[in-house]
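Visitor: Throw the hints in and build the complete structure from the sequences for me.
Below are the chains, spelled out letter by letter.
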Amino acid sequence: MSDIKNIFDIASRGMSAQMVRLNTVASNLANARSVASSDAEAYKAVKAVFKTVYADDVQKTGISSVDVDEIIEVDRPAEKSYQPGHPKADKDGFIYTAAVNVDEELVEMLEASRQYENNVEMVTTLRGLMMRTINMGK
Amino acid sequence: MKSIENHIQAHADALNLRAKRNEILASNIANSATPNFKARDIDFSKALQARMDVGPVSVSNDRHFKVYTGTGDEGAQFRQSVNASQDGNTVELHVEQMQFSENVMRYQTSLEFLNRKFSGLMSAIKGE
Chain A
1 MSDIKNIFDI ASRGMSAQMV RLNTVASNLA NARSVASSDA EAYKAVKAVF
51 KTVYADDVQK TGISSVDVDE IIEVDRPAEK SYQPGHPKAD KDGFIYTAAV
101 NVDEELVEML EASRQYENNV EMVTTLRGLM MRTINMGK
Chain B
1001 MKSIENHIQA HADALNLRAK RNEILASNIA NSATPNFKAR DIDFSKALQA
1051 RMDVGPVSVS NDRHFKVYTG TGDEGAQFRQ SVNASQDGNT VELHVEQMQF
1101 SENVMRYQTS LEFLNRKFSG LMSAIKGE
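Going down the list, the protein sequences come from chains A and B. What the first sequence shows, in our numbering, is residues 1 to 138, in sequence order. What the second sequence shows, in our numbering, is residues 1001 to 1128, in sequence order.
One should not assume that every hint holds.
[Claimed, not checked] Cβ-Cβ distance ranges computed for the label pairs, FRET-style:
#1 71(A) <-> 1102(B): 32 to 42 Å
#2 102(A) <-> 1112(B): 48 to 58 Å
#3 128(A) <-> 1063(B): 39 to 49 Å
[What the hints assert, rightly or not] Interface residues of chain B toward chain A, partial, derived using beta-carbon atoms under 10 Å:
#4 1026
#5 1097
#6 1115
#7 1121
The set of hints was computed from the structure by calculation and includes no laboratory data. Being a predicted model, the structure only gives us computed values, none of them experimental. Glycine included, each C-beta is placed from N, C-alpha and C at the ideal position.
Guide: The structure is reproduced here in structure tokens:
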């Protein structure tokens, strides 16, 4: 990955990280009511874990951005329900619904999109400042 | 040339520091969801003082070099959060946004001062 040199590096990394987070939310929501024949096969919600990347090794300047460290599966059992007529039911008549909490995902989506917007807003503001600085003395 | 430099020096330093502070605040905003991230900021008045300080080495002649005694990094410090968060992150978005907009406003003020100084110089040069 390239170094963090200016506001554009900071914001673009931040936006990529939020985008990954939004993608995990999209995957989770798309799989929210999916059904499987066993707990192991059932879809598990995924979450992005962020970490800070500093512009300098000694972290002196305070300039940093964010990267996605890893994407983890949430350790939560699938919802087990008794539906013997279901085509995916196991031999005891149970089906396993994906362990996705839709409310939680929606909150996550709102937060991620707000933070994405914050980054955009920041760049817009500072770009305006840079333009005015370029035109200084005219 | 020296006098022109002296004429605008303070505002130029202020502008530089404001730009740097903007980057630090931008870093904080970008990291508002990172676990264990600690918000940073610089003490503007102290940093500006360090930039303008000539330090213990006195300058008695125009041809002497001024010795810059600042640490160079302007000492980014850690912010104390008002409401602690569960994941150890000390960024509070409202605080950062307010600081950011204040800093942007002050940057524009410095810029405006510089512009005025330049137009003052221009009219002095033209003598109109």
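Visitor: For this structure, which hints from the list above don't hold up?
Guide: none
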